[in-house]
Structures are given as structure tokens and as C-alpha cells.
Amino acid sequence: MPLPALPRGLYAISALTLAMGSLAAPAQADTLNIGVQGELASFDTSQVSGGVWESQVLMDVFEGLVVQSPTGELLPGMATSWQVSDDGRTYTFHMRDDAKWSDGEPVTAEDFVFGWQHLLAPKNASKYAYMLYPIANAEAINTGKQPTDSLGAKSLDGGKTLEVTLDHPTPYFLQLLTHYTAYPVPKHLVDEYGRDWVDLDHIATNGAFHPVQWVSQSRISVEKSPTYYAADEVALDGVNYYTVEDRNAGISRFRAGELDVLADYPSSRYQWLKENLPKATHMSPMLGSYYYVLNHRDGHPTTDKRVREALNLAIRRNVISQQIMAGSFKASTGLVPPGTNHYQAQHMDLGSDDMNARMAKAKALLEEAGYGPDHPLTLRLRYNTSDEHKKIAIAVAAMWKPLGVDVQMINSEATVHYQTIAQGDFDVARAGWIADYNDAENFLALLHTGVGNNYGAYSNPAYDKLMDQAAQTLDLDAREKLLEQAEDLALNDYALVPLLTYVTRNLVNPDLQGWEDNVEDDHPSRWVSFKD
Amino acid sequence: MLSYTLKRLLMAIPTLLIVITISFFLMRVAPGGPFDGERQLPPEIEANLKAAYHLDEPLPMQYLRYMGNLLEGDFGPSFKYKDFSVTELIMQGFPVSLEIGGLAILLALLVGLPLGIAAAIRRNSTVDYLVMGTALTGIAVPNFVIAPIFALVFGVLLAWLPAGGWNGGAWPNLVLPVVALSIQQIAYIARMMRASMIETLGSHFIRTARAKGLSETEVIWRHAIRPAMLPVVSYLGPAIAGIITGSVVIEQIFGIPGIGRYFVQGALNRDYTLVMGTVVFYGVLIVLMNLIVDLLYSALDPQIRYDD
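Sequences listed follow chains X and Z, in order. Going by the UniProt record's numbering, the residue at position 519 of the first sequence is 519; the numbering climbs one at a time, nothing skipped. Going by the UniProt record's numbering, the residue at position 301 of the second sequence is 301; the numbering climbs one at a time, nothing skipped.
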């Protein structure tokens, strides 16, 4: 894409004008400056790599059929209303009449059909294409077994109606539509420019803002779209997204007033921030689980349920959350985090709260399993390199030590870590999961037989059966019960070591309105404004 | 001189070829690939991705394809930053790195050289101890300590300058990173200049100059400084190349869009094309810098001639 950067001469001029103003110039009051941890991979949603920071930019410039309120509730977006068939497999969306791309062209059902086909086409090699697999034929298209036009999404009434047929009932389908993989793509631009449609000279978006500048590794700037149907309600004139890789440096920039929002400050700074910037420091529960995978493949000591139970019993989760992580994580004894839609958090049975009793039981279990001073249990614990993971791993190893467990800690960079544990070369391994959409199934699938992210290769026919049953159950309450039963089953089988629940950590300018903490940590800028 | 330059440039070609080849295969040998991450991809999606980037072909084939594209000046697309080609990323980052790095080296020379000379002339005086003591501290304190302190003091507490950001290269944004980047260089250059100056001042031709009755100022300015600068000049070549491509820490802390970080991020993400692009670029830069340094030698030291 052509460089949006200014010619050198203009830099000099802008430098001069800036120098004549104030040195640390406060930004215009109606432009929001957000510090995000990484850079967007592409404005083409089929090319996005999956960083949490990417959705922040994309949700501001694009809009799906439904949108999220500041607190995360679903509201009509590009569709004003919809009906679901009795069998839960057909969704009929009625498109908004006044929806426009930022170049003035209308947004039609056709743009959604096209966008989804674009995402699923094998040649576009989209990493997140599987998000749309609930739609009929989506998987077959993505694997090249069916042509893209066989997708279960049809534009009707000249683009005013979108009919979506699902492969099987998917109670979280509307939630899924808020994900960027379900955004529309401007067909007219792709027809004209091909892959270059994302070029800033050509791109048109249908959200509250549209992109105007991108300095790689530094800043993406967007401006309010006058064509947006609710432009009157959008208070901000624009948003700048700054790439802030060094999170401590981000804190300095926030304190200097250069950023209004800093996403994800380091957990080690939480106490300091809470004391010194109490109004700006936000922390709230998030849909993310931090857990240790136990290896269920043959030949690993963790195949023995007694060992798994003992390892779980010996961990003082509150000590990790409160003392080691200084309150910047919540202790957890389940896989699905509290706050998940239509779900009651489940807990592993750890017996009494009395640690002495728990340790005694753990020791007895290990002895029963044949481990003792003469034959100590040796475990290889793998984690990906980071200060937080290291602190937690050391703490866990120290808690297992009184049981006579000898822990070998192996750390490697994330790429190597995940590749290694996917191949099964570990006894215990650190893993984390942040929800793609607000539904328990997204977490519980991690223990389903044969699923790629089931690193420990846990396989329990009873569990799989409950999960498959839940997938076919339309009634939300009945489905909830089945999912809860499944988690309960896995937890009582000590299938993994739940440790912590993630929290959202943001620094937010106290003068902002419409910025709310929510479990998905999504904060669309269209609702945000500065207090007068 | 011209034929010498051409010869050196020709000699650089096999060097670069070896560098490219080794880097290409080392990168592929590294465990993990560009599509390994926290989330396992369904096999069919991984297959789509590999096919799109030709990673499903045999390695020698990939190598030939890469070299072929390279000959056409095409570094390929970045695996991670999909809206940019590697060439675009480098061309966007290089001017930024050049500006920051160039200014830092300039500052280091302007400050480091006089300090080193002053310390050499007043060897073992208070000035000498002060300069060398400070220089030692400058070398000992790493960038990642100095930079956040600068941002905190001048950006947050005093609020004189921005704590970070590039802002199109506006000078207030340049000050902190340039100064932070130059501190170590100032220290190195001052120490190097002092040592070399002391050695030069003890040499025969200086004794002759003094014997001719020249004043001390004349001796230093006309006879000592030029030869004393030789080690500094030879240090500058790799230092400039290094400071331009290797100021990762400063770039990250101040949020500067230079190319240094592409090395680190490219390697961590297994963004093969991006790493290769930066390696080739760095290789060319080093070759050029070393050539310039060698040519400067002859300007500084009449004994060195490059006629064939």
C-alpha cells in the first residue's frame, strides 16, 4: 500500500508549527488517543492475525449486522431486526435502509455475503475463517470441497434482506456476528481494485469512522464518517491508535497526557497505579482463563487421575492471584470464567479450605499412585517466556515441592512453546484462552476430543457426548445445563489445572464518557465522548 | 580510487549471497513457523496459508524462488503486516531510523570528540577523571534504563517534551530518543578518542612538530587530531549501521516507527520475508559503511592510498 507518510518537507513544516505551539501539545479535545499493544495486520478482515488490539481498530471502522453497547449488550447494527426459524437454523436479517459505505455507496446484504465468501475462499488463506464454520457449507468452502457461492448466506429483495442458513443450531450465532470475521466487505471496491481495496486511497468502511492515515508501527488515524447512519450520535471527530509495545513507556505517555486510553498496563504496576492514578486505573473481570494443561497422552504421569488431583490440591490460587500477581488476576477453579452469558461458573472440588488437610490428602494420593521419596514424581513444566508466566511457574513449582514433586521448568518463546506443546512434548504446560465470543462452548471446546487447541489430548467420551448434545439443543436453559454438566465432569476428572481468570487492565482518562468496563474488553469509540 | 571502490562493491556480492543463504536456512531451521501461535489452526486452514505463501514447496524450491524475486528487487509480502510489502516497511522505517541514528551519531561526535581530546590533553587531571568517570557510567547504564528515566523526568514530571511518539519527526519528539541513543556512543567515542590521542601525542612526528617550535595548540590541531581520529572513524562504520538498524529498545520505548524492531519482531513472529529483508538491508548497509570508512582513511592518513 502506498505510504501515507508526509513528504520530508512537510515534516519540517509540521515540526515548525508544532514547535510554535506547545511542546507536549495536548491533543484536540474531540480526538481520542488510544495506546494499543500491537499493530493491525490488515484492514482486510480476512487477513487479520488475531491480536486483541486489532479488534479495537476494526470495530471502530466496520460494523456488523449487530453491534455491542458500551457494556457489551447486543444492539441492532447494519440489520435493524431479524427473525430466527423454529429449528434455530435460519436467520433472516432486515438490512438498514440508510447504511452507507464511507464513499457513499449503500451497504447491502450482498456485501455481507461477499465478505463471508471472501473470508472463506481458500485462496485468501484466512487464519480465522473457522469462526464462520457454523454457516452451512462454510467449512466445505474453506477446505476447497465446495464453490464459494454454495455458502448458506443469500442476499434477497435486492440486498435488503439477508438469509443465513446454519449447519446446526448455534445459540451464540448473534454473538459471533460481532466478531470482525463477520463484517461486510465492500464488493464494489474489491471488484475494482482487487487486493488493493484496503489501500487508504481506495478503502471505504461502514463503521462510525474511516481510516485516513497509517504510519506503520506508529499510528493509525481514523476520522468520523459523515455517511454513518448514526453520525449525529458520534461525539468524537477522530481516533488515533498508537502502537505501544513497551507497556511501561505507555504508562509514561498516558501520564504525560499523550494517551487517553492505554490498553493493558503491566500487572506489576497495578498497585502503584491504583494508589497514584486511582480514577484512571481500571480493572475488571474478563472472559479469559489462565490454566495449566495436563498431558493425557500415554506415558505421562499426569494420565493418573490421582496425580492430577494431587497437583490441583496443592496449589494456593489465592496466593498466586493476590501476592504473586498483586491482585491483577482473579483466582479460578474452573475453565469457563464467571460472567459468561447464560452460564453458571463451575468449580473444581478441592475439599476443604484448610491447606494442611489438602496437602495431606495430596501426599496420600501421590503415595497411592506409587510416588514417594524413593521414586519422586518428576514433571516437565513448559511455559512461554514472560515475567508473569515465570513468576507463576516458580510459585506453582514451589507449591508442589512439599509433595516431593521435582519440577523441571522449560521456557521458550511463544511460537516454539505452542508448537512444542501441540506435539505433546510436556507433562504440564502453561496455556491461556481469551473468548472469541461470549459463550461457554468457546472454552469447553478446549477439552473436546481431537480439537486442535486441546493441547493435553484430553479425551472423555462422556464429556464429548454432553458437548455434542449441547450443540444440538436449542433451548438455552437446557443447553446451559448440559454445558455445565460437561465442565463439572471434566473438573472432577481433574482434566487440567485451572489457575486464574484474566482481568481487563486499562488506563482511562477520567474525562471520558461512554467508556465502560466489560467482560470482553471491547470498547467501541462510537459511544465515547469527552465530558465538557 | 574509483577502481578500488568498484572492486570492493563487486567483492560484496559473494559476501551478501552467503549472508542471505545462511540466514534463509537458519530462519527455516528455527523451530516454530509463521502460523504457529496460541491458537492451533485447523489443518485445512494451515494448508491454505502455507499454499498462499509457497511454504508447501520443498525448501530448495523456496530458496530459488526467494533469490529469483530478490534479483527483481522484490522482498515479498510480510507474513504479519499484510497491508504492506517488506520493501514498503523498510522504506517507511529506514528514513526514521536514519534520522534518529544519524542525529545521535552526530551528537555523539560533537560531544564525544572534544571531551576525549580535552581528557587526553589534561591527562590525569580533574577534567580527565571527570570525563572518563562519566563516560564509564554512560557505557555501563544501558539504554533500557536511560530511556524510561528520560521519558519519566522530561515527559511526565517536567512535561517539557513528549514522553513518546513520532509525530512525523517533529523536533520535540526527536530530542529524548536522540539523546538517549547517543549517550553510550558519546561515552565510547570519548574514551576511544582519549586513548588514541594520548598515543598520538607520544609519537615521533609530534615530537618533531614540538621540536620545530610549534605552539601546543598548533601541534594538536594541525598534527595530532587527524591521525588520532582513525580508530574513531573505523568504529563509526559498523556503529552507524548498528545504531540505524539496532535501536530496538529506543524505538519500542519511545514508540518510534524505525526498522530496528522489524528484526526482533520479524524473528519472533517467524515473519521469514521480513527478517530476510532486514538482513539483506543491514548487510548492504554494513558493506557500504565499511567502504566509506576505508575511503575516509585515506583522507585522514596520507600513508594510506588506494591506487592499484
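If you are wondering where the hints come from, they were derived from the structure by calculation, not from laboratory data. Please note that a few of the clues may not be correct.
If the Cβ cut is set under 7 Å, some of the chain X residues that face chain Z in the computed set are [said to hold, decoys possible]:
1. P122
2. Y130
3. P134
4. Q217
5. S218
6. V244
7. D246
8. A249
9. R255
Okay, derived cross-link-like pairs now, EDC-like style, lysine to aspartate or glutamate, Cα gap no bigger than 20 Å in a straight line [as the list claims (entries may be wrong)]:
10. K465(X) <-> E480(X)
11. K50(Z) <-> D44(X)
12. K82(Z) <-> E480(X)
Ranges between beta-carbon positions, derived for each pair [stated by the list, open to error]:
13. Y129(Z) <-> M409(X): 42 to 48 Å
14. V284(Z) <-> D468(X): 55 to 61 Å
15. A398(X) <-> A195(Z): 26 to 32 Å
16. G51(X) <-> T134(Z): 41 to 47 Å
17. R28(Z) <-> A360(X): 51 to 57 Å
18. D191(X) <-> R28(Z): 35 to 41 Å
19. V284(Z) <-> E73(X): 32 to 38 Å
20. G50(X) <-> T137(Z): 40 to 46 Å
21. T137(Z) <-> Q423(X): 29 to 35 Å
22. N69(Z) <-> W272(X): 47 to 53 Å
23. D98(X) <-> L268(Z): 22 to 28 Å
24. Q323(X) <-> T137(Z): 35 to 41 Å
All residues carry an ideal CB built from backbone N, CA and C; glycine is no exception.
*Hint numbers not upheld by this structure, sorted from lowest to highest*: Of the numbered hints, 3, 12, 15, 19, 21, 23 do not hold.
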